[in-house]
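Trainee: The listed protein sequences correspond, in order, to chains G and B. Numbered according to the numbering used here, the first sequence spans residues -3 to 108. Numbered according to the numbering used here, the second sequence spans residues 6 to 119.
Wrong hints could be hidden among the right ones.
[Unchecked claim] Mimicking DSBU-like on lysine-lysine, the simulated pairs with C-alpha atoms at most 35 Å apart in a straight line are:
1) Lys48/G <-> Lys107/G
2) Lys16/B <-> Lys107/G
3) Lys48/G <-> Lys62/B
4) Lys107/G <-> Lys65/G
5) Lys48/G <-> Lys95/G
6) Lys(-1)/G <-> Lys95/G
7) Lys(-1)/G <-> Lys62/B
8) Lys76/B <-> Lys62/B
9) Lys95/G <-> Lys107/G
10) Lys(-1)/G <-> Lys107/G
11) Lys95/G <-> Lys19/B
12) Lys48/G <-> Lys65/G
13) Lys48/G <-> Lys(-1)/G
14) Lys65/G <-> Lys(-1)/G
15) Lys65/G <-> Lys95/G
16) Lys16/B <-> Lys(-1)/G
17) Lys62/B <-> Lys95/G
18) Lys62/B <-> Lys16/B
19) Lys16/B <-> Lys95/G
20) Lys76/B <-> Lys95/G
21) Lys76/B <-> Lys19/B
22) Lys19/B <-> Lys62/B
23) Lys16/B <-> Lys76/B
24) Lys65/G <-> Lys62/B
These are calculated hints, taken from the structure and not from any lab test. Fair warning: this is a prediction, and the values are worked out from it, not measured in the lab.
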Amino acid sequence: DAKTTQPPSMDCAEGRAANLPCNHSTISGNEYVYWYRQIHSQGPQYIIHGLKNNETNEMASLIITEDRKSSTLILPHATLRDTAVYYCIVRVAGAAGNKLTFGGGTRVLVKP
Amino acid sequence: DTGVSQDPRHKITKRGQNVTFRCDPISEHNRLYWYRQTLGQGPEFLTYFQNEAQLEKSRLLSDRFSAERPKGSFSTLEIQRTEQGDSAMYLCASNSGVNTGELFFGEGSRLTVL
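Given these sequences and hints, build the entire structure.
Mentor: And the structure:
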């Protein structure tokens, strides 16, 4: 699976949009981009995933560049409960076992 | 809401003792995963099961570690002769095995080896 690069930390203001970048310049055509988050002392939680097109669900939006070398997770109206470590993961479609390889993630602190 | 359940949530043991963790996945999920997470790091894959078959083991899973899922439902992860380096959060996850990377994680079992 391709490697991802994320900033180690970022702050954002409560009520504002949080834009979390991820570089995956070596991504191949059959690799999806997944985002998970991990709130302190809890297990990781799936947020969203995509292949080429932008995706949106009740939690977030995922914007993938046309060349697929980078993506941005957008939390539209950040709340204090969104304070967590956010992981960007790329995974081959059909990968045996659905195994995920986590990196270091971005530690997001939402401030009042 | 019957999510993934792990027990115990916390375990403190002395070096050299054996410990066992249990994971109860979401009932209709046939795939079960174990991950380990040390402080400040992302989770690291240890092993996974499809039903009762253990299909992949990471090199992180030394001979002192053994995982089972005897009836394809709950799973146990045993660590023998614990070492201080085994101190970590042990996370269990499950999914339906449909070709998806959406895993459902439990809250983890935190091990402290003194």
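Trainee: Determine for every hint whether it applies to the structure shown.
Mentor: Here is what the structure says about each hint:
1. Lys48/G <-> Lys107/G: 32 Å, holds
2. Lys16/B <-> Lys107/G: Holds, at roughly 33 Å.
3. Lys48/G <-> Lys62/B: 31 Å, holds
4. Lys107/G <-> Lys65/G: 30 Å, holds
5. Lys48/G <-> Lys95/G: 21 Å, holds
6. Lys(-1)/G <-> Lys95/G: Holds. Lys(-1)/G to Lys95/G sits at ~14 Å (cutoff 35 Å).
7. Lys(-1)/G <-> Lys62/B: It holds: about 21 Å lies between the C-alpha atoms, which stays within 35 Å.
8. Lys76/B <-> Lys62/B: 19 Å, holds
9. Lys95/G <-> Lys107/G: Distance ~34 Å between Lys95/G and Lys107/G Cα, so the pair holds.
10. Lys(-1)/G <-> Lys107/G: 30 Å, holds
11. Lys95/G <-> Lys19/B: Within the cut-off at roughly 32 Å; holds.
12. Lys48/G <-> Lys65/G: OK: Lys48/G and Lys65/G at ~10 Å, within 35 Å.
13. Lys48/G <-> Lys(-1)/G: 17 Å, holds
14. Lys65/G <-> Lys(-1)/G: 11 Å, holds
15. Lys65/G <-> Lys95/G: Within the cut-off at roughly 21 Å; holds.
16. Lys16/B <-> Lys(-1)/G: The hint holds at about 33 Å.
17. Lys62/B <-> Lys95/G: Holds. Lys62/B to Lys95/G sits at ~11 Å (cutoff 35 Å).
18. Lys62/B <-> Lys16/B: The given pair, whose Cα atoms are some 24 Å apart, holds under the 35 Å limit.
19. Lys16/B <-> Lys95/G: Between Lys16/B and Lys95/G the Cα gap is close to 26 Å, so the pair holds against 35 Å.
20. Lys76/B <-> Lys95/G: 22 Å, holds
21. Lys76/B <-> Lys19/B: At roughly 31 Å apart (the allowed maximum being 35 Å), Lys19/B and Lys76/B satisfy the hint.
22. Lys19/B <-> Lys62/B: The given pair, whose Cα atoms are some 26 Å apart, holds under the 35 Å limit.
23. Lys16/B <-> Lys76/B: 25 Å, holds
24. Lys65/G <-> Lys62/B: 30 Å, holds
Violated hints are absent here; each numbered hint is respected by the structure.
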